[in-house]
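A.B. asks: Protein chains in written order, with the numbering used here: chain A, 1 to 205; chain B, 1001 to 1205.
I should point out that these hints are in silico values taken from the structure, not numbers from a laboratory.
Even for Gly, the Cβ is constructed at its ideal location relative to N, Cα and C.
Check the hints yourself; a few may be wrong.
To be verified - Here chain A is said to cover these stretches of chain B; the calculated rule only asks that three of the stretch's residues, wherever they fall, bring their Cβ under 8 angstroms from a Cβ of chain A:
# : region
1 : 1101 to 1114
2 : 1174 to 1181
3 : 1188 to 1202
2 protein chains.
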Amino acid sequence: MNSPRKATRIQREKREVILTAALEAFSEDGLRGATLEKIAEKAGMSKPHVVYYFGSKDAIYTDLLQSLLEVWVQPLRDLSEDADPLAAILTYMRRKLRMSQDMPRESKMFATEILHGAPRMRPQLSGDLKVLVDEKAALIARWSAEGKIAKIDPHHLIFSIWAMTQHYADFDIQVEAVLGDARKANLYDEADAFLTEFFVRALRP
Amino acid sequence: MNSPRKATRIQREKREVILTAALEAFSEDGLRGATLEKIAEKAGMSKPHVVYYFGSKDAIYTDLLQSLLEVWVQPLRDLSEDADPLAAILTYMRRKLRMSQDMPRESKMFATEILHGAPRMRPQLSGDLKVLVDEKAALIARWSAEGKIAKIDPHHLIFSIWAMTQHYADFDIQVEAVLGDARKANLYDEADAFLTEFFVRALRP
DNA sequence: ACAATTTTTGACCATTTGGACAGAAAAATA
DNA sequence: TATTTTTCTGTCCAAATGGTCAAAAATTGT
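Using the sequences plus the hints, can you model the full thing?
C.D. replies: Written out as structure tokens, the structure reads:
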């Protein structure tokens, strides 16, 4: 089941195809709702073949979650000293918003996992993620103390950016239902304009 | 299976017990993840007994969702003309935040449902809910036009209130993991202070 | 007290589903 | 080409699970 030395090209490709199919399935129906059969079908192969590559449904799920996590926190990693702190925070917010727009399935998968207690991510949340957030919060707190941005709790500021940007991906059905079809086309432009103005007002010293 | 005239006291009580148990189960594991057996166990009765009262697992879920929806949108219903528009919006935000604090299971159940496409709520979202939101958005737009609050897109303002308040209930595991145990005790006080300041800055003309 | 009705459950069933297994097909290696 | 290894699937199985059913227990009405 496991490749001993290095993964062959075909192995890498197949695993990729399966992960893509699984992401679609999991984000639609969650871990329990998604079936191996559906994943196999989306991936264009037989059910045992999927098991052959990953061992179990759980393994696919966990694997996917882990590999996506790095991508997911990258924008926060990149938040750093800048000529203009306010612009830096706005850039971070915009990158998160863009991720909601471009990767709604990933966003939904994380949301579902955390919503249900994050049984497979808890250690990482209070480990790596906490360290990262604390570090960036300290940076923001410094900006705040130096009067470069408004005095504000940096942890909650980060939560608010997560909440507002991911909302557009996770609850897209609701957002679109409430706004109506007419405003659906340039929804993310609207969101960008709104959030930019919103955070500028909140953060300007 | 169905009571013909009026529900007896015992019927009302049993249904209530089942709904409470089901809310706990569904918010933990979702519709598919929650089992009739678990619901029955939490409710302190046998599995067929649960079916006797509701007919099916699906029926419990749908019933629950419908009855909770009214409670859920009540704070928005109550948003109305006020001596101080800014205060009115802040009150709305605070009531939503309090609901996250007091009813996290309800919040999670809605979140899961919408996240997975809201198959049983779609009509209500683009129907009743849209009407309600449009109405309140018009009110906010008027305040905005009269210069009583800042110029801001009212729909997105409402989304931002939903997003930021519900975030504390839906993603509590993540929030608590990142903040650490020390700040867990008065988390909602912190959130209240942060959000109040935040929205005041954003909305002040 | 007795009959009728409602409530409650144990036993059972059909379906779904994760995944094991043996072996076929294909590819790599010699 | 022959052999070894890897890839792939049809078939099957056991566990989980939503729901049925007949009958027991409890309650209600007279």
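A.B. asks: All the hints need checking, so say for each whether the structure fits it.
C.D. replies: Hint-by-hint comparison with the structure:
1. 1101 to 1114: holds (count 4)
2. 1174 to 1181: holds (count 6)
3. 1188 to 1202: holds (count 9)
Checked against the numbered hints given earlier, the structure satisfies every one of them.
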